[in-house]
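First to last, the sequence lines map onto chains Y and F. Residue numbers for the first sequence follow my numbering, beginning at 1 and rising by one. Residue numbers for the second sequence follow my numbering, beginning at 1 and rising by one.
Keep in mind that a hint or two might mislead.
As the list claims (entries may be wrong) - For lysine-lysine, the following DSS-like pairs were computed, each having C-alpha atoms within a straight-line distance of at most 27 Å:
no., chain 1, residue 1, chain 2, residue 2
1, F, K124, F, K261
2, F, K60, Y, K237
3, F, K124, Y, K211
4, F, K262, F, K382
5, Y, K97, Y, K8
6, F, K224, Y, K8
7, F, K199, F, K124
8, Y, K210, F, K60
9, Y, K223, Y, K210
10, Y, K97, Y, K53
11, Y, K8, Y, K211
12, Y, K136, Y, K151
What the hints assert, rightly or not - Estimated spans, in silico, between C-beta atoms of each pair:
no., chain 1, residue 1, chain 2, residue 2, range
13, Y, G229, F, R272, 58 to 64 Å
14, F, A293, Y, Y166, 45 to 51 Å
15, F, V451, Y, R149, 52 to 58 Å
16, Y, I201, F, R272, 57 to 63 Å
17, Y, Q173, F, N296, 47 to 53 Å
18, F, V451, Y, Y219, 56 to 62 Å
19, F, N296, Y, R149, 48 to 54 Å
20, Y, Q173, F, R181, 55 to 61 Å
21, Y, R149, F, F31, 53 to 59 Å
22, Y, V191, F, E63, 44 to 50 Å
What the hints contain is simulated information worked out from the structure, not anything from laboratory work. This structure is a prediction, so every number in the text was calculated from the model and none was measured. Just so you know, even glycine gets a beta-carbon here, dropped at the ideal spot from N, CA and C.
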Amino acid sequence: MIRSLQIKLVLSLSLLVVMLLVAAVMSMMEFRNMGDSVKGVLNNNFSSIEAAKRMMDALEREDSGLLLWIIGDREEGAQTIHASQAIIRSALRDAEKNITETDEPRHISDITEGYDAYHASVLFIIEGEMLPEEAKESYDRNTKSLFFRTKETVNALLMLNQEQMYQQSEIIQERSRRAMMPAFISLVAAVLFALLLFYFIRIYFFRPVKKLTESIREYYPEKGRLDGGIVSRDEFKQLEEEMNNLISRLLWRREQPKD
Amino acid sequence: MVRNRVIIKYLGYILLFNALFLFISALISLFQRESSLNALLFSAAMCAALGTFPYLFVEKVEELRFHEGLAISVLGWLLTCIVGMMPYYIWGGEFTFTNAFFESVSGFTTTGASILTDVEALPKGLLFWRSATSFIGGVGIILFVLLVLPEKKGVQSSFYRAEVSDLSKMSFRTRSRHIVRIIATVYFTLIIVETILLKFLGMSFFDAVCHSFSTVATAGFSTKNLSIAAYDNVWIEVVVMFFMVLSSIHFGQVYATMTGKKTNIFSSRPTRMYLLVMIIGIVLISIQLSNEAFFNFGESLRYASFQVISLATTTGLVTADSSVWPIFSIVLLCYFTIQCGMVGSTAGGIKFDRIYLFVHSVHKQLKLILHPNGIYALKMDKRIIEYELELQIMVFIILYIFTFFVTTILLTAMGIDGTTAFTASIATIGNVGPGFGEVGSMGNYSSLPNVAKYLLSANMLLGRLEIMNIFALFMMAGRK
Chain Y
1 MIRSLQIKLV LSLSLLVVML LVAAVMSMME FRNMGDSVKG VLNNNFSSIE
51 AAKRMMDALE REDSGLLLWI IGDREEGAQT IHASQAIIRS ALRDAEKNIT
101 ETDEPRHISD ITEGYDAYHA SVLFIIEGEM LPEEAKESYD RNTKSLFFRT
151 KETVNALLML NQEQMYQQSE IIQERSRRAM MPAFISLVAA VLFALLLFYF
201 IRIYFFRPVK KLTESIREYY PEKGRLDGGI VSRDEFKQLE EEMNNLISRL
251 LWRREQPKD
Chain F
1 MVRNRVIIKY LGYILLFNAL FLFISALISL FQRESSLNAL LFSAAMCAAL
51 GTFPYLFVEK VEELRFHEGL AISVLGWLLT CIVGMMPYYI WGGEFTFTNA
101 FFESVSGFTT TGASILTDVE ALPKGLLFWR SATSFIGGVG IILFVLLVLP
151 EKKGVQSSFY RAEVSDLSKM SFRTRSRHIV RIIATVYFTL IIVETILLKF
201 LGMSFFDAVC HSFSTVATAG FSTKNLSIAA YDNVWIEVVV MFFMVLSSIH
251 FGQVYATMTG KKTNIFSSRP TRMYLLVMII GIVLISIQLS NEAFFNFGES
301 LRYASFQVIS LATTTGLVTA DSSVWPIFSI VLLCYFTIQC GMVGSTAGGI
351 KFDRIYLFVH SVHKQLKLIL HPNGIYALKM DKRIIEYELE LQIMVFIILY
401 IFTFFVTTIL LTAMGIDGTT AFTASIATIG NVGPGFGEVG SMGNYSSLPN
451 VAKYLLSANM LLGRLEIMNI FALFMMAGRK
């Protein structure tokens, strides 16, 4: 059992410091996690969404290029088709690099498969040097449905990442709450701590001082010992004992015959 | 004169004790790399810091006055429930401030009523803490503290007087300082044996430990959304039922049975009656369920046994949705929710012994009407019940009924339907957990308004502290 009031005070204030430190560390950790989550959303989901949007855009342009080719603007149509194909392939590579969700590889493989089939049917038309009527018929019969199917697979990838992004935002919201909680609870605990400390200071500091003051005020030599009513074994008890020693010495000195 | 600093010191010990279990839960979260780690660790640190503080200042006490013991007992439960909600609230999810408080009170009072719609979404660390609250609440936080602290005899007996009911003390045929050891021996033995058996029957070790805590504490928290029904294993149900029954019987009698003494479970008339009433209930419900083609007789017996034992022992684990059962079965189950287990066990509620004594007291009064000059003594297991204790039992039963009646009225005033209001009241004051209606065995308390949740939390605490202690503390505070 610790007897010294000085050590008791130092230890209790250290406890308060530790408590606040723990709260600060926890808050910092949660804020860091929150930052990581935001970064994760931007790096992973947002990049995949961007890639899917690029694919969608390029896919539509490729289809427009094919239609241009069919209506007779063959050179510009072919150029658009080739440019769009490069964009789609690059976007697919970006999406492959950013696989973060369980279902993402399946979606990317579906897009690759669908696009390969669609692009093959486009090439079949433009490299086959078909007549406009033949090309239109082939487009209606085969290419159109492949285009829509590919578009759907790209859309599925987009939806998956958007959903994940939404879920991530909820997680971030939860994390921000968790980051604030330690600070809030520490605040409550610190107030409680302060109240307790005040109570103990009143009991173990002010009360003994008051008791000692009263006992000194009411003291007269015939009483013998000074009784401050200190029950603890701390510095106040030592002070009471030292006061009694002083009184004893003074009384002894008074009783000695003068030279 | 009550010494506040002494009360604060022992409340500090209670905080330290909670910190220990929070720390164990944090370790589980750490190993599982879960999101609840920070919440648990932070709560443990807060409890440890606040608990150590009074220990530094307040000197060792030689003896504890009765009023101090009473204040520590009641305030200790309240404080425990408040700190117990901390990890839930910090972690978030379904835990709003009210929900976290409700779940914490429900755990510590071993009620097992939950606000969670998806228990399985909780991290394992939090699931363990949830079960640990039941484990701590099972024998009471004060008795746990007594087990750990090498306190003076004067301190121990004061705590013991405040925490254990007179009726319960009567059935322990030993000195008070040995009683804590007996309770602990029975409690830990039951938990260890049940864990081994459940693990052997195919549960994961984690689930086995959590369900053993829940069963032996007669709490009812499960790690599965479907409770014990999730395992669909008859042998697991049999083991759980066996331990629910044992945990609802006076631990002194269980200890006597374990050590081969004469004053065991089978020699006690109230215990035999308690078991008989349960058997009658099981048979009646089984017959009705099979007659009304809910299940075949075998299945009816299986589900009826589990539900009756679970509610009668105040555990609240489930294997079937009894809310859809015929009205007679529901009424019988409501009776068991009111009757509850036996004194000296981990069960809550009125307790069967009190009902047994009430019936005998009524019989005694009738005989006194017929023979006014006759001298009749109220007896339980060949021991005469003093008139003060008899009166205390009557007052307790009246207060108990009055409390759940008032709660029912208040709940219906909040717009809650009659069945839900009535069964939620009796299920929370009896520390049973599931009721009927919205709060049925496959439902939960999440849909109730926040005020209702606080009211039911107060009910759980009143039930756990056996009403009188809380009123006595209020009276003490009023006088001061």
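Item to check | In rising order, the numbers of the hints this structure does not comply with | outcome: 1, 3, 5, 6, 20, 21, 22
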